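There are 4 protein chains.
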Amino acid sequence: MTAKMKAAIFVEPGRIVLDEKPIPDVGPQDALIRITTTTICGTDVHILKGEYPVARGLTIGHEPVGIIEKLGSGVTGFQEGQRVIAGAITPSGHSFACLCGCSSQDGPGTRHGFKAMGGWKFGNTIDGTQAEYVLVPDALVNLSPVPDHLTDEQVLMCPDIMSTGFSGAESGGVRIGDTVVVFALGPIGLCAVAGAKLMGATTIIGVDTVPKRIEIARALGATHVVDFKTHDPVEEIMRLTDGRGADVSIEALGTQKTFEAALRVLRPGGTLSSLGVYSSDLTIPLGAFSAGLGDNRIVTTLCPGGKDRMRRLMEVVASGRVDLKPLVTHQFKLDDIEAAYDLFAHQRDGVLKVAIKP
Amino acid sequence: MTAKMKAAIFVEPGRIVLDEKPIPDVGPQDALIRITTTTICGTDVHILKGEYPVARGLTIGHEPVGIIEKLGSGVTGFQEGQRVIAGAITPSGHSFACLCGCSSQDGPGTRHGFKAMGGWKFGNTIDGTQAEYVLVPDALVNLSPVPDHLTDEQVLMCPDIMSTGFSGAESGGVRIGDTVVVFALGPIGLCAVAGAKLMGATTIIGVDTVPKRIEIARALGATHVVDFKTHDPVEEIMRLTDGRGADVSIEALGTQKTFEAALRVLRPGGTLSSLGVYSSDLTIPLGAFSAGLGDNRIVTTLCPGGKDRMRRLMEVVASGRVDLKPLVTHQFKLDDIEAAYDLFAHQRDGVLKVAIKP
Amino acid sequence: MTAKMKAAIFVEPGRIVLDEKPIPDVGPQDALIRITTTTICGTDVHILKGEYPVARGLTIGHEPVGIIEKLGSGVTGFQEGQRVIAGAITPSGHSFACLCGCSSQDGPGTRHGFKAMGGWKFGNTIDGTQAEYVLVPDALVNLSPVPDHLTDEQVLMCPDIMSTGFSGAESGGVRIGDTVVVFALGPIGLCAVAGAKLMGATTIIGVDTVPKRIEIARALGATHVVDFKTHDPVEEIMRLTDGRGADVSIEALGTQKTFEAALRVLRPGGTLSSLGVYSSDLTIPLGAFSAGLGDNRIVTTLCPGGKDRMRRLMEVVASGRVDLKPLVTHQFKLDDIEAAYDLFAHQRDGVLKVAIKP
Amino acid sequence: MTAKMKAAIFVEPGRIVLDEKPIPDVGPQDALIRITTTTICGTDVHILKGEYPVARGLTIGHEPVGIIEKLGSGVTGFQEGQRVIAGAITPSGHSFACLCGCSSQDGPGTRHGFKAMGGWKFGNTIDGTQAEYVLVPDALVNLSPVPDHLTDEQVLMCPDIMSTGFSGAESGGVRIGDTVVVFALGPIGLCAVAGAKLMGATTIIGVDTVPKRIEIARALGATHVVDFKTHDPVEEIMRLTDGRGADVSIEALGTQKTFEAALRVLRPGGTLSSLGVYSSDLTIPLGAFSAGLGDNRIVTTLCPGGKDRMRRLMEVVASGRVDLKPLVTHQFKLDDIEAAYDLFAHQRDGVLKVAIKP
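Protein sequence lines, in the order shown, are assigned to chains S, D, X and C. In this text, residue positions in the first sequence follow UniProt numbering: the first is 1, and each later residue adds one. In this text, residue positions in the second sequence follow UniProt numbering: the first is 1, and each later residue adds one. In this text, residue positions in the third sequence follow UniProt numbering: the first is 1, and each later residue adds one. In this text, residue positions in the fourth sequence follow UniProt numbering: the first is 1, and each later residue adds one.
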């Protein structure tokens with residue numbers, strides 16, 4: 001008789017429910033992780049609403065903290081009982097995409113080896129982490145031991161939010177002394193603020209309106225905040241920069257409005273680093289784009305994964321330079337995950353991120 | 001009494017005429033060049049049509065080959081009588097833009113130092129090269145002696161067409177063994193083909209329909225050509241690359257159609273390098289952009305200028321690795337420049353570029 | 001009874017002999033390749049002479065062309081009977097080194113994951129390719145199918161010589177219009193010449209004295225050759241570059257003399273890209289190093305491996321842009337490999353590379 | 001009658017004395033600065049001792065803070081009376097070196113345009129800053145206004161120490177989560193620590209023995225300090241990094257011992273970023289260099305200059321992220337500069353840097 005576990009399953013648009021599923025078998029390259037803490041991401045809400053299609057019956061979630069329960073026969077160098085995280089993105093390590101430095105676009109090992117967003121597997125193309133157990137594929141590439149002195153909550157943002165947010169600054173090429181603007185101070189935008197600070201930006205302007213977010217943004221490194229409800233962000237940013245504009249602007253929401261504003265505040269030669277997940281075509285205004293002659297760049301980044309990325313992010317946490325605990329505003333048992341979705345999807349009670357504990 | 005010279009002057013939309021103007025005075029940082037050969041650019045046709053506004057009375061043209069007639073008091077290291085070129089873009093060398101590697105966006109020395117397209121001065125913000133004489137600003141930065149064994153025609157493409165076309169490959173980050181697609185095989189697209197080959201691309205696909213352009217593209221390095229009149233370029237390119245797509249696509253026309261196709265042919269993680277001058281807002285289709293999660297880049301480049309750039313391009317010509325003489329399909333006297341505009345603006349008689357000789 | 005195969009085995013310093021060994025068992029991530037062509041590398045001669053220590057009884061050789069005989073249970077996407085190559089360096093794909101873009105320094109999956117030269121396994125830490133069969137580890141990362149229209153001889157240089165030589169130009173950061181000097185025109189130096197040309201160098205100066213090598217260097221792109229027996233290379237290169245020096249110098253021998261000359265010919269801000277395997281401490285002369293203030297770089301590169309690298313190099317061969325067949329000057333049966341070592345080690349009869357056919 | 005000023009002049013090895021000189025005439029591209037604060041650099045002590053030769057009679061010093069007294073006729077965008085700094089390195093903006101991003105190796109405008117260390121002019125090839133007035137060449141490139149709210153002391157490190165120290169981290173390519181080691185915690189090493197922190201290093205190990213330096217290093221970001229008098233630095237660093245080694249090591253002294261140790265602590269694929277001024281040939285130990293096969297890089301950097309660099313560094317100061325005031329341990333009147341040299345050259349009284357006030 002197969003052992004069972006609880007898992008949050010996508011049933012149909014509008015319904016993610018907690019149900020039972022068999023605990024999965026462990027293939028040679030896999031690791032079975034007993035989840036101790038996971039969370040809900042904005043993308044999961046898109047899935048819930050039916051805006052991002054996944055297979056019915058799939059377990060949702062892509063941010064695992066847990067204990068190695070069982071290792072595949074080919075997975076050496078780890079021990080059962082070890083506490084680990086894995087990235088939201090779990091590259092194979094052997095596709096052409098992986099071998100040319102683009103592992104989040106991981107495709108099949110054969111032929112071309114690229115697949116758009118192909119590195120995102122948990123809760124997208126394979127069962128995810130909002131469950132008692134999750135199977136980590138290509139475990140040699142993806143398991144990353146958590147230092148003993150860090151709590152689950154301290155590393156819970158590493159798999160996705162922190163990796164994505166930091167990559168906004170990294171892909172933007174932030175340099176010492178730069179001016180960086182971050183549009184939208186949700187969890188990813190807040191991590192983009194922290195990433196810009198970590199890379200040496202000295203003027204960091206956040207754009208949002210929610211007081212709690214603004215407060216955390218200041219704690220993480222924002223030197224200025226523009227409230228888009230009371231000020232036109234483009235005008236205000238040009239005023240704050242004395243007409244110069246930003247070296248790098250980071251879009252962390254996924255709307256035409258923020259994308260366009262992020263382009264308009266760039267100095268000539270500046271870079272728009274886009275993190276948002278868009279839901280419709282985008283327009284590039286001719287003037288903001290200098291008709292194509294402004295030496296501007298628009299770069300997009302999908303959350304970097306793999307165990308070296310996780311290791312680096314945990315080094316940042318361990319160093320004490322970035323404290324993301326304030327982002328975890330609520331805690332739920334896995335049994336109560338439907339209530340957690342309800343709170344998070346409606347952004348009630350000042351929620352930023354929830355910790356889910358099986 | 002001031003000496004006079006002939007110059008092609010923008011009178012009003014629809015009218016560029018040859019007229020007389022005073023030969024300009026030479027300031028301390030200037031050099032006065034007696035033009036021996038210049039040419040007409042697609043941008044000049046935009047000016048002619050009133051689509052790109054310049055001051056009435058301005059001399060048009062930005063591609064100079066000539067002889068130093070007189071050097072400003074601060075310009076050392078050159079001799080009067082030397083044959084030189086200068087880039088279409090003439091950076092000052094001392095703006096913040098110049099000092100942070102973005103010299104085509106050269107702004108005033110004071111305050112911020114960036115100005116969108118500010119490095120483009122000839123025939124835009126100062127008198128240009130379609131004249132008997134032209135004043136080169138910041139001559140220490142911009143004069144580049146022509147090796148004796150190269151003809152005017154051989155270096156005539158260096159100031160703009162070659163510098164711009166090559167930059168399409170350079171900004172795209174072409175690597176050895178890459179697949180590169182170039183959309184539109186006008187003079188700049190042809191130079192982008194040559195640039196992609198120079199940087200090690202092994203599959204270079206050009207898209208156009210004009211037989212003469214296709215023939216030159218093959219001579220410059222295109223391994224495949226797609227005729228957009230007989231084939232859907234996106235489908236055909238995906239077929240030619242066995243479904244993989246391009247590492248780098250170069251847009252060399254400036255339309256929504258080519259911009260969009262250039263995005264659609266990219267593999268995940270690929271780069272769209274945009275050279276075209278657009279005349280309206282652009283749309284980024286959601287799917288072609290992987291909703292912002294494809295690790296793609298869109299980079300724009302304005303023609304790099306300055307004497308080191310010109311030196312390098314002339315090295316390429318001198319090495320015999322790229323022969324752009326076939327691009328110069330027609331020759332006119334400066335006296336006949338109005339006829340030259342007529343031919344070029346209407347793209348008659350298979351014209352690619354014209355040489356204008358005062 | 002275990003099947004046997006012939007293999008060239010290191011017995012002791014001075015002795016590599018052809019002997020019999022069991023055909024190896026195939027693990028889940030392995031592929032067994034029936035070698036159709038391999039070759040001898042300069043490194044193998046160091047092993048023969050006892051200058052580079054390997055385990056007694058090890059099969060030598062690291063440049064495989066062959067047919068997949070048997071695939072491990074975990075190796076999907078390939079078919080038995082397919083013709084393939086693998087790189088001389090066979091990274092695992094899952095070490096920290098691999099995951100941070102440094103896969104030739106591949107270490108164990110656990111702890112740090114870096115090991116100096118750890119990616120070089122064939123004929124170094126595991127049995128090599130001078131045999132009837134070889135086991136390719138981490139086959140998903142390392143097998144690269146050979147296009148049907150390319151011969152074994154055409155791709156025989158890809159696993160090591162071509163990958164290493166090209167990396168000299170790549171790590172040096174060669175740009176369009178650069179001046180590059182290559183010290184020593186053995187097989188790797190010749191490939192460095194070809195790589196510099198592929199990346200857009202317009203002045204490529206080779207240094208050697210052997211007429212055959214000089215002839216091939218010119219065919220591959222050298223614009224000048226300096227015979228170090230008749231000229232002082234540093235003086236001559238400074239004369240050829242009109243006192244300017246090189247943007248990039250590539251050391252392809254592994255001696256103090258060439259290393260030092262490669263430093264002396266650099267312009268301020270230039271890069272020495274070192275490929276040679278040195279056998280003693282090196283001295284950096286104070287003056288050639290501008291006392292540490294010249295903005296110079298010294299970069300070293302170990303042959304890049306992995307299937308995407310191999311694919312790219314075969315694209316270069318297939319494009320016809322680089323023809324390395326002239327490097328294969330001699331052919332031997334595997335049965336005669338001891339004679340091949342004798343010829344190659346003594347550099348007799350103008351040998352550059354030998355093809356060994358089991 | 002020409003007006004006179006006081007200046008610290010190199011008379012002969014062993015003698016720098018305060019004497020009188022004419023206040024210099026102002027050429028069209030110059031600015032005359034009335035020095036309000038300057039300092040003495042380790043390099044000046046090398047000059048004093050005759051270890052670095054300069055012309056007899058030259059005014060020494062290269063770190064200016066002052067007031068614009070008079071602008072050349074070609075210098076627009078600044079006002080007389082403005083408080084400014086200029087970098088220790090004053091590039092022309094128009095040499096080939098400047099135009100290809102290598103401005104500290106600034107050569108003459110003609111021919112090649114590179115000169116080793118050519119950007120270093122103050123107190124080296126032209127009169128320096130330890131005087132009542134100094135002439136800033138190419139003032140359009142080099143003058144950088146000081147924000148009103150910053151004191152002279154706060155920006156006194158920008159021209160050299162801070163620019164050089166930070167460049168150690170920048171040229172080393174420090175990334176978020178890196179381990180960086182800094183050898184020697186003099187003023188430049190201390191700034192390298194601060195630079196590594198600004199770029200996101202999370203483990204920063206300083207090596208020195210002086211308690212005051214160690215204390216400041218910790219304040220600026222060192223997470224560990226190794227006392228080379230009580231521990232073998234290489235062993236201790238390998239222990240601290242659990243055998244992994246450093247991603248980047250920064251040499252900030254200029255000796256064989258520290259250079260060699262900086263190489264030995266690198267992980268495979270790591271970068272040695274060298275800032276020290278060496279006084280004899282260097283030896284690269286074969287093993288520490290992995291015989292040339294470790295994918296290592298040795299990069300050297302001369303202090304970056306120019307007004308954009310100064311602007312960025314002052315942004316860092318203004319942001320409060322790096323406080324270098326503790327480095328200025330002593331203050332002297334210009335009249336007492338000989339005593340200042342005596343104190344500084346003998347490293348008495350815990351001196352780190354002295355402020356000199358005309």
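Wrong hints could be hidden among the right ones.
Repeated chains share a single entry, so a pair holds when one copy, or any two copies, can fit it.
To be verified - Below 16 Å or equal to it, Euclidean Cα-Cα: the simulated EDC-like pairs (lysine to aspartate or glutamate) are:
#, residue 1, residue 2
1, 257, 80
2, 49, 242
3, 115, 242
4, 257, 281
5, 257, 242
Calculated directly from the structure, the hints in this document are not laboratory data. None of the values given here were measured: they were computed from a predicted structure.
- Query: Looking back at the hints listed earlier, which ones does the structure fail to meet?
  - Reply: 1, 2 and 5
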